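Quick mapping for you: the protein sequence lines, in order, are chains W and Y. Numbering of the first sequence is given in the working numbering, commencing with residue 1 and proceeding in unit increments. Numbering of the second sequence is given in the working numbering, commencing with residue 1 and proceeding in unit increments.
If you are wondering where the hints come from, they were derived from the structure by calculation, not from laboratory data. One or more of the hints may lead you astray.
Straight-line C-alpha distance at most 25 Å; calculated SDA-like pairs for lysine to any residue [as the list claims (entries may be wrong)]:
1. W:84 / Y:91
2. W:84 / Y:85
3. W:84 / Y:8
4. W:84 / W:1
5. W:84 / W:70
6. W:84 / W:34
7. W:84 / Y:95
8. W:84 / Y:104
9. W:84 / Y:14
10. W:84 / Y:81
11. W:84 / Y:13
12. W:84 / Y:62
13. W:84 / Y:7
14. W:84 / Y:17
15. W:84 / Y:92
16. W:84 / W:71
17. W:84 / W:45
18. W:84 / Y:70
19. W:84 / Y:107
20. W:84 / Y:73
21. W:84 / Y:101
22. W:84 / Y:100
23. W:84 / Y:88
24. W:84 / W:60
25. W:84 / Y:63
26. W:84 / Y:75
27. W:84 / W:74
28. W:84 / Y:105
29. W:84 / Y:82
30. W:84 / Y:51
31. W:84 / Y:86
32. W:84 / W:48
33. W:84 / Y:108
34. W:84 / W:28
35. W:84 / Y:109
36. W:84 / W:41
37. W:84 / Y:47
38. W:84 / Y:99
39. W:84 / Y:41
40. W:84 / Y:38
Here the structure is a predicted model, which means the values were calculated and not measured.
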Amino acid sequence: MSATIIFWGVAIAQVMLALAMAAATWRLLRGPRAQDRVLALDSLYLSAMLVLVTFGIRTGSTVYFEAALVIGVVSFVGTLALAKFLMRGEVIE
Amino acid sequence: MSGLATFPEWAAVLVALLVIAGAAITLIGAIGLVRFGSFFERVHAPTLGTSFGAAFVLLASAVYFSVLQARPVLHEVLIFVFITVTTPVTLMLLARATLYRDRVEAAARQRPPAATGDSPGPGLAGAPPAENDSAP
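So here's chain W without its partners, still in its complex pose:
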């Protein structure tokens, strides 16, 4: 019974997170200016990280946790570099 509850809960959550990723992708492709695209990319990173965490709950293995942690770190560095690039035109001054 509890396996069924967890399966359906995680399935619904994954559908919602997939819709969130689709919305972020729409803004990434559509976004009128560059900073909208950077913001959408950051949101896409976050949704992908949460999808990996839900995959970890679904399979019961902690391998996905490390992938989620790496995605979190890469999201921070990537968004920071893109914001610096929008500000100055170069990343390392």
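Take the given structure of chain W and dock chain Y to it, following the hints.
Just chain Y now, kept in the frame of chain W:
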């Protein structure tokens, strides 16, 4: 999936509710990212996902693995602390970059009256006017 046969139902219900709540909050933030009109409104929307959306999903994961392995598993706190610390830094830097770009473009539009090639698009509807002349 070995211990899932003896997984207690209250914990299963708790995990399912937490993970659905976190995913729903993240989805609301992403919908706000699509629906809002200007960039400075849009920059607020995904922080729903980075604060309570991530908190609920990671709490669900922590509860699940703690009950499954019968010991406290708290390494999800690491992701949450990292997300909470880094998101304001990146978004404030992005908003400052946007202010700077708006100011530069407004100044470039005022200086040479003939050279207005680029239309700013609908994202610039609420852009502030150029207040200082220090922009190149």
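Verification of the hints:
1. W:84 / Y:91: The given pair, whose Cα atoms are some 11 Å apart, holds under the 25 Å limit.
2. W:84 / Y:85: Since the Cα atoms of residue 84 of chain W and residue 85 of chain Y sit roughly 18 Å apart, the hinted pair holds (cutoff 25 Å).
3. W:84 / Y:8: Distance of about 49 Å is beyond 25 Å: violated.
4. W:84 / W:1: violated (51 Å)
5. W:84 / W:70: holds (21 Å)
6. W:84 / W:34: holds (12 Å)
7. W:84 / Y:95: With a Cα-Cα distance of about 11 Å, the restraint between residue 84 of chain W and residue 95 of chain Y holds, given a limit of 25 Å.
8. W:84 / Y:104: holds (15 Å)
9. W:84 / Y:14: Measuring from Cα to Cα gives roughly 41 Å; hence the hint is violated.
10. W:84 / Y:81: holds (23 Å)
11. W:84 / Y:13: Violated, at roughly 44 Å.
12. W:84 / Y:62: Violated, at roughly 35 Å.
13. W:84 / Y:7: This hinted pair is violated, its Cα atoms lying about 48 Å apart.
14. W:84 / Y:17: violated (39 Å)
15. W:84 / Y:92: holds (11 Å)
16. W:84 / W:71: Roughly 20 Å between the alpha carbons, so the hint for residue 84 of chain W and residue 71 of chain W holds.
17. W:84 / W:45: The hint holds at about 18 Å.
18. W:84 / Y:70: With a Cα-Cα distance of about 45 Å, the restraint between residue 84 of chain W and residue 70 of chain Y is violated, given a limit of 25 Å.
19. W:84 / Y:107: holds (21 Å)
20. W:84 / Y:73: Violated, at roughly 37 Å.
21. W:84 / Y:101: holds (12 Å)
22. W:84 / Y:100: Status holds; Cα separation ~11 Å.
23. W:84 / Y:88: holds (15 Å)
24. W:84 / W:60: Violated, at roughly 39 Å.
25. W:84 / Y:63: violated (38 Å)
26. W:84 / Y:75: violated (31 Å)
27. W:84 / W:74: holds (15 Å)
28. W:84 / Y:105: holds (17 Å)
29. W:84 / Y:82: The given pair, whose Cα atoms are some 20 Å apart, holds under the 25 Å limit.
30. W:84 / Y:51: It holds: about 24 Å lies between the C-alpha atoms, which stays within 25 Å.
31. W:84 / Y:86: holds (15 Å)
32. W:84 / W:48: holds (23 Å)
33. W:84 / Y:108: Roughly 21 Å between the alpha carbons, so the hint for residue 84 of chain W and residue 108 of chain Y holds.
34. W:84 / W:28: With Cα atoms ~18 Å apart, residue 84 of chain W and residue 28 of chain W stay inside 25 Å; holds.
35. W:84 / Y:109: holds (23 Å)
36. W:84 / W:41: holds (15 Å)
37. W:84 / Y:47: The hint holds at about 20 Å.
38. W:84 / Y:99: holds (13 Å)
39. W:84 / Y:41: Roughly 21 Å separates the two Cα atoms, so the pair holds.
40. W:84 / Y:38: holds (21 Å)
Checked against the numbered hints above, the structure breaks hints 3, 4, 9, 11, 12, 13, 14, 18, 20, 24, 25, 26 and satisfies the rest.
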